[in-house]
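S.K.: The chain contents come next:
There are 4 protein chains.
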Amino acid sequence: MASTYGRMFRVTTWGESHGPALGAVIDGCPAGLEISEELIQRDLDRRRVGQSKVTSPRQEKDRVQILSGVFEGRTTGAPISLITYNADADSSKYDAIRDLFRPGHADYTYWAKYGHRDHRGGGRSSARETWGRVAAGAVARALLRTIGVEVYGFVRQLHTIQMETFDRDEIDRNPVRCPDPVAAEKMVQAILEAKEAKDSLGGLVEVRADNVPPGLGEPTADKLDALLGQAMFSIPAVKGVEIGEGFGAFLLTGKQHNDEFYMENGRVRTYSNHAGGMLGGISNGEQIVVRLAVKPTSSVSQPQRTVDIHGNEREILVEGRHDPSICPRVVPVAEAMMCLVLADLYLWNRMARV
Amino acid sequence: MASTYGRMFRVTTWGESHGPALGAVIDGCPAGLEISEELIQRDLDRRRVGQSKVTSPRQEKDRVQILSGVFEGRTTGAPISLITYNADADSSKYDAIRDLFRPGHADYTYWAKYGHRDHRGGGRSSARETWGRVAAGAVARALLRTIGVEVYGFVRQLHTIQMETFDRDEIDRNPVRCPDPVAAEKMVQAILEAKEAKDSLGGLVEVRADNVPPGLGEPTADKLDALLGQAMFSIPAVKGVEIGEGFGAFLLTGKQHNDEFYMENGRVRTYSNHAGGMLGGISNGEQIVVRLAVKPTSSVSQPQRTVDIHGNEREILVEGRHDPSICPRVVPVAEAMMCLVLADLYLWNRMARV
Amino acid sequence: MASTYGRMFRVTTWGESHGPALGAVIDGCPAGLEISEELIQRDLDRRRVGQSKVTSPRQEKDRVQILSGVFEGRTTGAPISLITYNADADSSKYDAIRDLFRPGHADYTYWAKYGHRDHRGGGRSSARETWGRVAAGAVARALLRTIGVEVYGFVRQLHTIQMETFDRDEIDRNPVRCPDPVAAEKMVQAILEAKEAKDSLGGLVEVRADNVPPGLGEPTADKLDALLGQAMFSIPAVKGVEIGEGFGAFLLTGKQHNDEFYMENGRVRTYSNHAGGMLGGISNGEQIVVRLAVKPTSSVSQPQRTVDIHGNEREILVEGRHDPSICPRVVPVAEAMMCLVLADLYLWNRMARV
Amino acid sequence: MASTYGRMFRVTTWGESHGPALGAVIDGCPAGLEISEELIQRDLDRRRVGQSKVTSPRQEKDRVQILSGVFEGRTTGAPISLITYNADADSSKYDAIRDLFRPGHADYTYWAKYGHRDHRGGGRSSARETWGRVAAGAVARALLRTIGVEVYGFVRQLHTIQMETFDRDEIDRNPVRCPDPVAAEKMVQAILEAKEAKDSLGGLVEVRADNVPPGLGEPTADKLDALLGQAMFSIPAVKGVEIGEGFGAFLLTGKQHNDEFYMENGRVRTYSNHAGGMLGGISNGEQIVVRLAVKPTSSVSQPQRTVDIHGNEREILVEGRHDPSICPRVVPVAEAMMCLVLADLYLWNRMARV
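Protein chains in written order, with my numbering: chain Y, 1 to 354; chain V, 1 to 354; chain H, 1 to 354; chain W, 1 to 354.
Everything labelled a hint here was simulated from the structure, so no lab data went into it.
Treat the hints with caution; some may be incorrect.
Any copy will do: because identical chains look the same in the list, a pair fits if it lies in one copy or spans two.
[Unchecked claim] In silico EDC-like pairs for lysine to aspartate or glutamate, Cα to Cα no more than 20 Å straight-line:
1. Lys198 <-> Glu150
2. Lys255 <-> Glu196
3. Lys255 <-> Glu313
4. Lys198 <-> Asp45
5. Lys93 <-> Asp167
6. Lys255 <-> Glu193
7. Lys93 <-> Glu72
8. Lys53 <-> Glu193
Owing to the predicted nature of the structure, the values given are computational and were not obtained by experimental measurement.
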């Protein structure tokens, strides 16, 4: 519902880019889960700005505080309130464009919808909102780890540069989070060139989940793929989502696409995984594979045509501090959303049978 | 929630492929809307099987009855119950595969989740469930028409055959619902060949909405794109969803992708529509454009490797009556889901301002 | 949400008093529960009109049909659709009062809210809507029986006549459902006299649940008492709800009211049960006790002052067929609501711990 | 849902009695509403402890901070985050009873449900949780004021002392919030005597809403009375809720209880208001009247029999700082809940008609 992700494991985020603080409240987390600020901070640090030359120079420590729901290191079943205070919000750059709509941003649509908006740094529509998702996602990840589920993501393609090799250990070794170190180097160059050219780049992000038990997903509206679709499209800049073969599925015939079954150590397995880990919207025990099309960052520091809130046609020059490509930072957010969806469905599935 | 689509305009579907009946209950439809069985039937007839040589030969009239919520031709605000009785369910073909899991189908995952399932014709996971969505979608469409919104869909690509021209009037003139009559003819041939070869084909379906007012979409979890993502992925066989440029977006730079603004007759417009009609998850008044990757039908009448409920490896030969390509019938379902999402957000938006 | 009771075990009812049919859809019932039409009919028969001289003479068999969600006698986890067709709806009596608002009824408020209403027999606001609750309640009751929970209700007081003895076996032996046969006889007389006088009577209904395990209830909004409050007040004619000592609680001091704990066979018990089976909104393992204040039936066949939809002051004489006291028929409805709430919280509680 | 009140105007509270902070997040508040910390503080100050000799001596300023959702004095449609930091939490008194269950409190049931709990000051089950409700209620009250709705409450009866006169201006002049100054004086005495006797007292609280427009309430599950029932029973210590005549309704006959209609200045009115402002669960434009039975505070400083978490029978002496009667402080909480329910239904009602 609006600012709340999930039905059973429910996460409500709040906060604006240039407001005093940002936060999330988790309701529905089971009691007895070991949680600490350190554990959450680990995921948050992977999302943080100011980490490298390819991200925004805004400096935010993004330190999380747990304000409720945890007692002596374990959750109590009560709502878990997570908060961070904004430090380096510089609103001065936004005064000049207070009444202008930045192309590609949500300025116009928020104004059309609400009639009153916090224009500073995108306000509520800023990607800073994802702080709360990543914080809550770390709790969901901890819950999933109790049943062995492992979630990770990476950048598969940046603009036209594709990953060609896969080494999971490489992902966090380079600032673009690409599992192919050669491609990673090219991606970094491309981003720096785009930055130099006052332009920006998009890419293709992939997220996977291993060891997901069969049975997660609630037909028909809350299928696993439907909830992943909602979760991933709710991430700023995502314009496409595909599962398994995705947009390549229709280039195969039915016979080619079907994943045939066999038995392995008493478990039902499939020889291939074109389906990306689910059938009929319910996990089948194979690896869950989701890919996101991420558009190039909307903030480009070139003059663009626009209009103002009074209906005048104007020119705009967006300044401020931005990521020339948001892809590397989409990775931890997409992981968090995957964790939120799986944690939600894992709890929900406890009610499947008498 | 599970079998319910929508938050404000809520549609709960029920029914199995081979059960006595199928239905939908709409809760949250405003009072005073003109509705009739004829109006709903019109949309249902576009979804029906047995319409042409490229769909399943199962014969179902799919006649809708309105059992509540409408009085003297107008809605009363009470739940609207819609029902149809199954006629031509032939369960005999399914006896042989009662204990077997059909590859590509939800047999295994339903069994893994629930431990007890109606195996006949896919039971609840059958595409027959979409009857209720299309019936309810017709009511949503009527609601949207009161504000001028128009929704339509078509097949853009079938296997490797792409649409090359666009004539909206062509869509319903051919059995594959392709707006290009030349491509349509090739698609029909391809489907018949696949049927002959006991195989199946997938494709690319597009849905558009015109005249959507700016402001629809509820940040951050229930953005317009997030709800479309959920809705479209909940359709059986959909493996990918993209909006506007979608998976092509990251091949453009930020400058190229941004849709610049101008004024037209007092309305804010954009010169291009790469974004597909939304910014920050809220409609911007431009055409909404969504595309779905539809996998090839899972039912192929060739022997496949599988396992049974006792954990034995087996061979399966799926018979029954199936669509060699589900694409033409995904069109009305995808239109219905678009209508459900827009109707939901249209009502929700009434609460945006004091 | 509106026409839906429950969060986990969700029941949506539909149908009007004089429409073609009434029904309920249950979503969220676990798979594997044994259910039959006979089992559901048993509860429905206790709610039916035309059973005795103290209820409405309208004749309705109220036969239930299960249209989905049950396969070979057990639930599948899919939505369970329950339906009954109206038989003896006589709308002719309502033509005369089509434009008039019956005092005590919802005619005016539905008209004020929706601007268009089905006036026949109260339309959606009729107590016939409770058919669906009782049908679904029977399924909830079956689910609760798997853990030993037993729910029953009775009439404690009718107008000024109070129950003085309690014999549970007496409840279904008399038409007023009073566990005291002597009081029951007086109640029947009082109802017949009220009917003769073209007036009506209310009363006090009690519902109890035995063997409820500790732990049911979700703080803080969805406490057990909060959900019982919502459920019971949603029953037509209920004007008050109390739990345990209820409105007598404040006549005791804290020391008198507190239920002290002791151990019994390894179980935590309380010496008294002033709290009515819950503490902090969570069941404590003692008997759950709820009482409802039921107003006298609003349909009285005497002239009353009213207004019409055009704003004219008028006199109205309500005819039609009514219960001179709704209390005996509130009993099975209140039992059903108790079952729905407990089933909901029983499932929800499965997510309380890691 | 669990810690969230409301469906459209949704308030999620978080925080424990002795945790670092308490808060609430409001989601669904329309944009453009004038809000300030001062406005919210006014309601909070009426709820605060340490105000008089009849309340707990714990000192908490309960200062609210608005962390999001408000820009330049008006709401933006984004979630509104409200927070206060705990100051005077003294946990030392709770060490002795860490493993003991206080009679009348939620200690046992939280432990039974969650298996791990914050025992300090009642943790999450403490009435301190109501801070967030009152803070959010102040925002709801501001929203309701835009349409002229006025909500107020008072203590009608304390133990056996009943209010005999009514002067609304008296309510906030005395520490028990009784509109009868003579009765108020007796109530204060009674509370001081109970305190002296290490005992506690309950009472009867009434809340009213004036100028509520007709049409609020969503049949059938979310009727106005049903939502009030849920909201009021969710307040700690409430054991009964009645509307209009409530438990007195069944002492009247139908003819006596019905509120007949007439016209007044073009508005439909009723001669009496036995129904308490609603018919069929929808507001009818008359004054809404709800009364709550509040049990005597469970914390009494006398030895009581109890058990510990290991299943041993023990004696407990509860110390800490408590209100000898919670009634005066239930008043602002009950007002807040009334405001939350009405604001919720007011927004919801915008979707009632096409």
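S.K.: Enumerate the violated hints, using their earlier numbering and listing them in ascending order.
M.R.: Numbers 1, 4 and 5 - these are the hints that the structure violates, sorted from lowest upward.
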